[in-house]
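Sequence lines, in order, name chains A, B and C. Its first residue numbered 2, the first sequence is counted upward by one per residue in this note's numbering. Its first residue numbered -3, the second sequence is counted upward by one per residue in this note's numbering. Its first residue numbered 29, the third sequence is counted upward by one per residue in this note's numbering.
Source of the hints: derived by calculation from the structure; they are not laboratory data. Please note that a few of the clues may not be correct.
With a Cα cut of at most 30 Å, we get these calculated BS3-like pairs of lysine-lysine [stated by the list, open to error]:
#1 C:LYS219 / B:LYS(-2)
#2 A:LYS129 / A:LYS187
#3 A:LYS170 / B:LYS187
#4 A:LYS510 / C:LYS247
#5 B:LYS9 / B:LYS85
#6 B:LYS85 / A:LYS175
Counterexamples of contact, computed for chain B against chain A with all Cβ distances above 12 Å [to be verified]:
#7 GLY28
#8 GLU40
#9 TYR183
#10 SER184
#11 SER185
#12 ILE189
#13 ALA201
#14 PRO211
#15 GLU216
#16 ARG217
Covered by chain B, per the in silico footprint, the following chain C stretches (three or more residues, Cβ under 8 Å) [as the list claims (entries may be wrong)]:
#17 66 to 80
#18 135 to 144
#19 170 to 183
#20 217 to 225
#21 284 to 296
#22 309 to 316
From the three backbone atoms N, C-alpha and C, an ideal C-beta is built for every residue, glycine too.
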Amino acid sequence: MSIERERLDADVLIVGAGPAGLACALHLARLIRQHNESGGKPELSTEGIYVLEKGRDIGAHQLSGAVLDPRALAELVPDFAKTAPLDTPVNDDAAYFLTASRAWKLPITPPPLRNHGNYIVSVSKLAKWLGGLVEQAGVNVFTQFAGAQLIHEGEAVAGVITEDKGRDKDGKPKDNFTPGYELRAKITVLAEGPRGSLTKHLVADRHLDGLNPQVYSIGVKELWEVPPGRITPGWVAHTLGWPLNSSMYGGGWVYGMRENRVSLGLVTGLEYHNPRFDPHEAFQLFKTHPFVRRILEGGKLVRYGAKTIPVGGWYSIPRTYLGGCLIIGDSASLLNSQRLKGIHMAIKSGMLAAETIVDALRAGDTSGTKLSAFRHKVDESWIGSELRSVRNFHQSFQHGLWLGLAHTAVQFVTGGRGLVDPMRMKAGHEQYHMLDGAGPAPPRFQGDGVLTFDRLTDVYHSGTRHEEDQPCHLHVLDTNICVNRCIIEYGNPCQYFCPAAVYEMVEEKGGRRLKINFSNCVHCKTCDIADPYQIIDWVPPEGGGGPNYEGM
Amino acid sequence: MKVAVCIKQVPAKDAPLHITDTGAWIRETDIGFEMNEPDSFALEEALRLKEKHGGEVVALSMGPERTKQVIKEALAKGADRGIHISDDKFSQLDPLGSAKSIAAALKKDNFDLILTGLQSDDQGFGQTGVLLAELLGMPHATIIMQIEVQGQRLKLKKELEAGWFQWVELPLPAVLTIQSGINKVRYSSLKGIMAAKKKEIAVIARESLGIAHEPTQRVERIYVPQKAKHTEFIDGSPKEAAAKLIEKLRHEARVL
Amino acid sequence: MKILVITEQRDGKWNPVSSETLLAAQQIAAAQPGSRVAAVVIGKGVHGLAEEVAANQLAEILLVEHDLLDKYTPDGYAIALKQVVTQTQPDLVLLPHTYQVRDYAPKLAASLGKGMIADCVGYRAEKERVIFVRQMFQGKTAADVSFTGAPPWFVSFQAGAFRGDQVARGASAAPVTAISVNLQAEQIRTKPLDLFREAKQAVDLTQAPILVAIGRGIKAPENIPLAEKLAKLMGGELAASRPICDEGWLPMDRQIGSSGQTVAPKLYLALGISGAIQHVVGMKGSRTIVAINKDQNAPIFEVADYGIVGDIFELIPALTEVLEKK
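If we strip away everything but chain A, and leave its shape as in the complex, we get (with noise of 0.2 Å):
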């Protein structure tokens, strides 16, 4: 079906307007005007720099705790202190240990947990901040609009296709179809966030993969609002423990923000062995407990979401630079994964990349040689050091929580080196325990509809909408295995994993079919890596749709 696409000519186009991003677009364009004001030749435009970001506004689908570490942006505007959007300054930090029951305090807040000097922030408002200031500086930013398929031109990426708007369920053109734009840039930067799937294709497709595969964790978050007094702004709080069960990686946190609001969430490594396992229902039982609970008692749901982490650490980097391209932020794995950062790393990625990309504009040279000068200085920044500390974390606990800690803490001693150097791992997709035999599925968590919630009314309160009438955007490439493999095998994780329950096997005359309610879709990502036979691609749906993360 060849359609016919207007196409348009940019020098960068950066996909996604997440602080990575945003970054990117800012310090690009700042470097341009300084590059034009000292006479520098060719002379360089900002208006041939163009951001897409699939969500509804700036910030829609932007999702984090978060603690931020203010260095990256303290580079990036350095009055940040007095213009930015922070909550409010970390002022105690914890870490606690939970049993079912009772809630032990770490006597010494092991250092990566140490929070002084940084600030509890909503990455959401952040984002919406930083794009005010990049299109103050005159970059185009647009929103509801998403990179769909790169273009190619030999070995190199030559631009961006954005999606089709106005197709119908079937994929027929409605009345107001609007077949996407072939946006063709000198330099394209993937900045898409967790496992893009722009990222995703081109990784696959180029074996850009680094040493282990890139592995994730699933975060799920409420925002409430609680009776005055209850919390303490800048009070933040990492518990380890349950309700995980120490085969699994991952923990809960607890800030303290200002007007009364709570950001609160679990993280859980998408590489448990029970297939059954339910990330969101264990974030509700998370709130049950004692600890948590008489924090919330009163108060109210204000929002939800869930977003994946890509938490590979150093050695799951993939190539960041191809000719014509590259890849910052999540997407290139930049996170730490023991300090839970990654924003200031977006945040600095970003800015480095926009060094890059001036450099190759004046030198009119966007091979992959030139735009390797890119990962020599992520290696060589702080970003680097910082990584390296830790290459080996993530993967220290794949055999248990208790071993985790033991490798850390030799690692901790060794700047990052630990007992073995580089720790290979396996993805996480591969690390489920078949059935085998377990007996029935357990009943689906309801939720009190106070204190915890069931997935349909927590998904309400994620804000998310698509367009109703359009092609689902989740394409399962054979659902024969759903219905005949994966029922015996693995139970279909996907109605356990998926925070949106987007995924459900429905009965039908005969047996059993997949139904899938795409319009819930939180664009998590989770099925698109977590799907044990690796047969779901996420793809993005019309722009505008997804999550609204507003205050998130």
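Here the structure of chain A is known, so what remains is to put chains B and C in place on it, guided by the hints.
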């Protein structure tokens, strides 16, 4: 044809509604805003008229600074220029006061046609279009499904209740309120978004229009209707329960 | 308080919604001692209709006839009624919130420099004044609105806000007074052509006073006609929760909820609907909610005024039978 479209910016449909302490309106901080959906159909209709008959489409809106967003969206979809009547206290105007301000701003140009949506999704007074017609001395028609231009006259298909429709004719210039759902609203194109940045948005401060108007009505308070959380369960056999229910619906709730 | 009700007819046929407005007027009058209610019958050749209306408990029927009022036009009605209002000086002018009223009433009020509070669902009579209640944010909230400034005050009531069949009949027929109005042909700018029927593309459930909604409990599309019949018997429309439309058993325009329509009818009957929040937000503004579900813990019961824990396949026929008898 010179067409004006009056567009309102309203809280996003899924925005959480928190009523202010005074109880007279909702908290506007920290919520998203969007183009009033009924007005998006009016805009689409205006753009189609321009495509068919040539001319100009002007997008007008009234409200605080954030209102520019919906004007820009209209420009991105193809409107030629915008008019922003700036007023921070817009939400406190009564329908007549609101219409008087818009009429004053529109009077400066000689529009052939003025389109509005049926009503706004927030206050839903549903009067702006008809009031504009009266204030500007123009003929009007409401709940329009189809527009045919015949020289200086229009032939219009109106929707009536219960599946009835009617054609009416009237002369230009005129005001029309457009039925929702009559067209598929177009997407903003990338080129349209870029071009919108260069299009003019004239800003008029509402006070400068010099409208002397005493409000005719006042919203005293807004509240979530308190449903007495009392569910009356009706038991008995299906036949008994059915009979009891109908009885209650007829004589207690009085809805049947 | 002097109350004037503008009633509606088309081709001599009474629009029953007008009875609701008459009742509203009677009730408001009863709350304000010394009040007087008159009703306007406007058109051409409607003298017979006026005599029928006179059977109600009213002080007077004002018959407004003119050749140019034969067919409805906004200009004709607004100009004629402006003269009637100016002549009779009512405090409160009440109208039913019909498509026709939406078309001319704001113009009528504005031509007198007055405002209109439209689409009200109720009122509260306080000592010195009346406060009108209407919905805002598509039924998510209610709003109390009052008039500031001198009368006449214009108010329209939503269909179903009052029970038209409870209008009080008069002990004797009210006097019918003809009022003459001035209308010139060149004042009527709209030329109305013929009316016609058409199969409507999409049904507007927001206009239905009664909705019978089905959920997953209906189990199969073959069972839907049962619910449809019940809806028709009640004088309502069929609606559905999302899963039914997802399966394609009913078109999308029947869907109620956050991804469908938001409605606030006077009666919402939820059959086999669990009450997930996505559905409830689309209908919780309904004035009376009845839920029938097998599961006593279904969240729908939290918003229901009346609930029956039972099998819809037994209750739908039972309800149908009761309604068919009367």
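For each hint, the structure was consulted:
1. C:LYS219 / B:LYS(-2): Status holds; Cα separation ~23 Å.
2. A:LYS129 / A:LYS187: 27 Å, holds
3. A:LYS170 / B:LYS187: 26 Å, holds
4. A:LYS510 / C:LYS247: 12 Å, holds
5. B:LYS9 / B:LYS85: Holds - the C-alpha atoms of LYS85 (chain B) and LYS9 (chain B) are around 21 Å apart, at most 30 Å.
6. B:LYS85 / A:LYS175: Violated, because 40 Å separates the two Cα atoms, which is more than 30 Å.
7. GLY28: 6 Å, violated
8. GLU40: 9 Å, violated
9. TYR183: 5 Å, violated
10. SER184: 7 Å, violated
11. SER185: 6 Å, violated
12. ILE189: It is violated; ILE189 (chain B) is separated from chain A by about 6 Å at its closest Cβ, not greater than 12 Å.
13. ALA201: ALA201 (chain B) is indeed farther than 12 Å from all Cβ atoms of chain A, at 24 Å.
14. PRO211: Correct as stated: the minimum Cβ-Cβ distance to chain A is 33 Å, above 12 Å.
15. GLU216: 26 Å, holds
16. ARG217: Fine: 22 Å to the nearest Cβ keeps ARG217 (chain B) off the interface.
17. 66 to 80: violated (count 0)
18. 135 to 144: holds (count 7)
19. 170 to 183: holds (count 8)
20. 217 to 225: holds (count 9)
21. 284 to 296: Since three or more residues must qualify, the claim that chain B covers the stretch 284 to 296 of chain C holds, with 3 doing so at under 8 Å.
22. 309 to 316: holds (count 4)
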